[in-house]
Amino acid sequence: MKNKTILDVKDLSVNFDTLAGSVNVVRDINFSVSAGETMALVGESGSGKSVTAMSILRLHDEEKVNYSSGSIIYNEQDILAIDEAQMEHIRGSHISMIFQEPMTSLNPTFTVGDQIMEPLLIHKGLSKAAAKKQAIELMELTGIPDPHYRFDAFPHLLSGGQRQRMMIAMALACEPKLLIADEPTTALDVTVQLQILLLLEKLQKEFSMAILMISHDLNLVKRFADHICVMQEGNIVEQNEVQHLFREPQDPYTIKLLNSEPERMIPQQETTSLNHAQELLSAQHLYCQFFIKSGFFRRKIHTVNAVDNIQLYLKEGETLGIVGESGSGKSTLGRCLLRLESCRGDIFFEQQKIDQMSYNQLRPLRKEFQVVFQDPYSSLSPRMTVEQIVGEGLQIHFPQLNKQQRREKIQKTLLEVGLEDDILWRYPHEFSGGQRQRIAIARVIILEPKLILLDEPTSALDVSVQKQVLALLRELQLRYKISYLFITHDLKVIEAVAHRVMVMKEGKIIETGETETIFTSPKEKYTQNLLTASLFK
Amino acid sequence: MTMTLDKTQLANLSPARRAWLRFKSNRRGYYSLWIFSILLFTSLFAEVISNDKPLLIQFEQNYYFPLWNDYPETTFGGDFVTKTDYNDPYIKQKITRDNNWAVYPLNHYRFDSINYFAELPNPARPSAQNLLGTDDRGRDVLARLIYGFRLSVLFALLLTAIGVVIGIIVGSLQGYFVGKVDLVTQRLIEIWNSMPELYLLIIFASIFKPSIGLLIILLSLFGWMGLSDYVRAEFLRGRNLDYVLSARAMGVSNVGIMFKHLLPNSMVPVLTFLPFRISGAIMALTSLDYLGLGVPPSTPSLGELLSQGKDNIDAWWLSMTTFSVLVGTLMLLIFIGEALREALDTRRG
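So the protein sequences, as listed, match chains A and B. Position 229 of the first sequence, counted from 1, bears residue number 229 in my numbering, the numbering being contiguous throughout. Position in the second sequence (first residue = 1) + 537 = my numbering.
Honestly, the hints are just simulated from the structure, not real lab data. Where hints are given, some of them may not hold.
Stated by the list, open to error - Label-pair ranges, simulated between beta-carbon atoms:
(1) B/714 <-> A/205: 32 to 42 angstroms
(2) B/813 <-> A/261: 48 to 58 angstroms
(3) B/575 <-> A/471: 52 to 62 angstroms
(4) A/45 <-> B/557: 28 to 38 angstroms
(5) B/796 <-> A/45: 30 to 40 angstroms
(6) B/579 <-> A/420: 29 to 39 angstroms
(7) B/824 <-> A/45: 27 to 37 angstroms
(8) B/813 <-> A/430: 43 to 53 angstroms
(9) B/829 <-> A/104: 56 to 66 angstroms
(10) A/293 <-> B/575: 22 to 32 angstroms
(11) B/574 <-> A/156: 51 to 61 angstroms
The beta carbon of each residue, even a glycine, is placed where N, CA and C say it ideally should be.
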């Protein structure tokens with residue numbers, strides 16, 4: 001398949017002008033995209049892949065960014081050399097782009113119909129009536145149900161998946177030759193992600209357009225791309241056809257990236273031996289409801305059952321994975337179990353009934369069950385030093401330690417989670433995402449808890465870091481016999497670390513069982529769909 | 538910037554030390570702080586700098602300390618048994634002639650001492666006797682400025698401190714506990730806020746004898762409300778963040794969460810407004826004095842000087858000097874505030 005090259009990037013370098021001087025973020029990269037093919041730019045955060053994509057449409061702030069070398073040839077024109085008026089003609093009508101976050105990339109004050117019509121009015125010069133007709137056709141094409149009715153809807157009335165379909169409809173309005181998709185499905189649930197990608201694939205054939213796909217997800221790229229460029233720190237370290245690259249990766253970084261897919265860390269006999277372990281946490285008939293109130297008197301007009309008659313148990317040293325899509329109530333369930341959210345039902349921790357205890361009665365017990373959150377950027381107070389963050393729990397639960405002993409214990413714990421012990425006085429913003437998550441883990445394990453609730457602990461991290469953090473968690477579990485409640489939407493992660501899995505949907509348990517059983521022979525249809533969608537099998 | 542430390546050295550410094558380095562890197566704020574501290578510190582010793590009594594007198598082999606003890610004029614060979622007026626040329630001559638000597642303060646007047654021996658009518662233009670002239674009652678302007686500056690700044694600091702403490706407490710309680718607490722307090726604040734402050738002050742000024750204490754109480758009653766709104770908003774934003782939830786999961790008490798986790802992250806509006814609040818308080822006192830509703834008549838006050846300047850429009854030394862002192866003080870405070878805000882932003886390295 002050797003088609004005409006439509007985009008040719010040659011020796012492109014991009015610099016950001018900062019107060020501290022010029023920073024080179026993309027270095028002499030070369031690649032080209034042929035008509036009708038899907039080219040993927042893959043790399044971890046900060047590798048310069050989005051910067052490259054934005055350069056193609058010249059979407060950077062011209063005052064802060066300069067292109068020190070290279071050219072981007074589209075249609076025998078150097079995009080970097082033409083003036084702004086010509087550029088406006090290219091944007092949207094020849095090359096268009098869809099972004100990662102469908103929640104913020106639509107303007108909330110206009111109806112979606114108006115927004116889809118906009119490029120048609122600008123670039124094609126259609127009349128309003130004709131534009132509306134075509135907009136509705138586009139919406140139909142992208143699989144929006146009842147497009148006539150949805151035409152007048154405002155973005156907040158649509159789900160994330162529907163919004164991304166709208167974005168695609170907008171991008172396709174002028175039948176572009178090249179579509180740039182910057183992490184188009186990262187913010188979506190796995191089942192929706194699959195639908196959107198299949199839609200893109202179908203539309204690509206129909207319009208015979210090229211797609212430049214930017215992604216961090218290797219599985220996704222393997223399934224949907226023809227060519228891959230692997231980027232690292234502004235360089236393209238390797239590029240090749242998909243099959244070839246996955247079969248024989250050349251560059252050490254590519255190999256590292258391919259190896260960082262999580263693998264199962266738990267031997268089968270461990271799961272069996274856990275059958276005889278003590279029960280640490282159990283819950284029966286657990287309910288948690290949210291009320292939607294409306295009107296002047298705040299009447300309850302609707303009840304959401306976030307957690308709906310759940311029962312579960314967790315044994316000592318065991319990892320229970322709770323999976324589900326967004327809105328399935330998995331995070332709420334976790335918070336209910338740790339009494340961070342009000343709920344009804346019986347919760348037992350080490351045979352003690354904790355659901356009726358007051359905040360103060362519960363305080364001494366808090367040492368035993370701890371929590372690590374998803375976003376290491378918001379879970380550490382930005383105005384506290386590492387010493388204060390990690391040491392805070394010690395002051396409450398180990399008041400007998402003096403300042404010196406406390407510091408020694410903090411340093412020991414920092415070393416244990418793979419950090420240096422001389423970072424006591426630094427603030428969270430000075431660390432990378434992975435290091436921050438290690439700080440969050442240190443804060444928790446310093447209390448020697450028996451149970452840790454892990455709420456999407458690796459979702460905000462790059463793949464290679466993700467694997468390290470998972471390995472660390474596993475190591476700590478073996479050393480201290482800690483039980484984990486592992487909440488995630490990422491089935492690959494769950495497969496790697498969980499002994500048992502519980503699948504949730506709309507507050508209810510759909511299926512529960514040992515990890516191997518669930519992954520090899522899921523009984524429920526929902527579980528099967530989830531597995532297909534997330535593993536691209 | 539002249540920061541010679543590299544990144545690793547910087548990382549090994551304590552947090553307070555690094556905040557200080559950040560503060561220092563803003564040169565304008567740093568120098569303003571020095572100037573302001575020196576001015577404030579000096580003005581605290583106003584009695585030694587500007588007074589109508591000498592600090593020390595040696596008169597006929599005896600030492601006298603007029604600053605602490607009152608001596609009748611007869612002690613120094615005068616005719617009356619009343620307290621000595623050391624600015625009287627006759628006495629001055631007595632205690633400085635022969636082997637006698639006296640150490641006078643830099644400026645020979647207190648804020649309320651009247652120059653009875655002026656060569657010019659009051660208000661007198663600047664001269665060797667009164668460096669910045671006198672006001673319409675013959676009191677030395679320089680002395681009144683020094684004492685007035687001290688009073689204004691101390692008044693403003695106290696008023697701001699009270700306002701900040703009340704504002705933070707109310708705002709944080711509202712923002713942390715939300716719900717009914719928030720609802721009720723917010724309504725009370727709205728009612729309280731809609732009271733006409735100036736009229737209340739006028740009414741109270743006519744009921745009670747005006748004094749500094751009364752002014753502090755009255756202005757404090759109203760001064761905290763603007764701030765509590767900002768603290769409340771910051772708490773509302775912060776209370777749902779994960780680090781607060783982690784702290785709760787760790788068993789940190791409500792007070793601990795409020796003051797260790799939320800408050801430091803809510804301090805930006807407090808600090809941003811701090812210098813403006815201090816200068817606002819200085820302005821409040823000045824304008825009340827200007828209107829004659831402020832401090833009792835003999836107290837040295839910048840507002841009273843300004844109003845004299847208005848009454849004697851040709852006596853430029855009254856209005857210009859007071860104006861310069863006011864502008865200078867307010868500017869220094871704002872520069873310090875700016876540097877302070879930058880220093881407390883931990884993300885600045």
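Status of the hints after comparison with the structure:
no.: 1; hint: B/714 <-> A/205: 32 to 42 angstroms; in the structure: 58 angstroms, violated
no.: 2; hint: B/813 <-> A/261: 48 to 58 angstroms; in the structure: 55 angstroms, holds
no.: 3; hint: B/575 <-> A/471: 52 to 62 angstroms; in the structure: 59 angstroms, holds
no.: 4; hint: A/45 <-> B/557: 28 to 38 angstroms; in the structure: 34 angstroms, holds
no.: 5; hint: B/796 <-> A/45: 30 to 40 angstroms; in the structure: 35 angstroms, holds
no.: 6; hint: B/579 <-> A/420: 29 to 39 angstroms; in the structure: 48 angstroms, violated
no.: 7; hint: B/824 <-> A/45: 27 to 37 angstroms; in the structure: 55 angstroms, violated
no.: 8; hint: B/813 <-> A/430: 43 to 53 angstroms; in the structure: 31 angstroms, violated
no.: 9; hint: B/829 <-> A/104: 56 to 66 angstroms; in the structure: 57 angstroms, holds
no.: 10; hint: A/293 <-> B/575: 22 to 32 angstroms; in the structure: 59 angstroms, violated
no.: 11; hint: B/574 <-> A/156: 51 to 61 angstroms; in the structure: 54 angstroms, holds
Against the hints set out earlier in the document, violations occur for numbers 1, 6, 7, 8 and 10.
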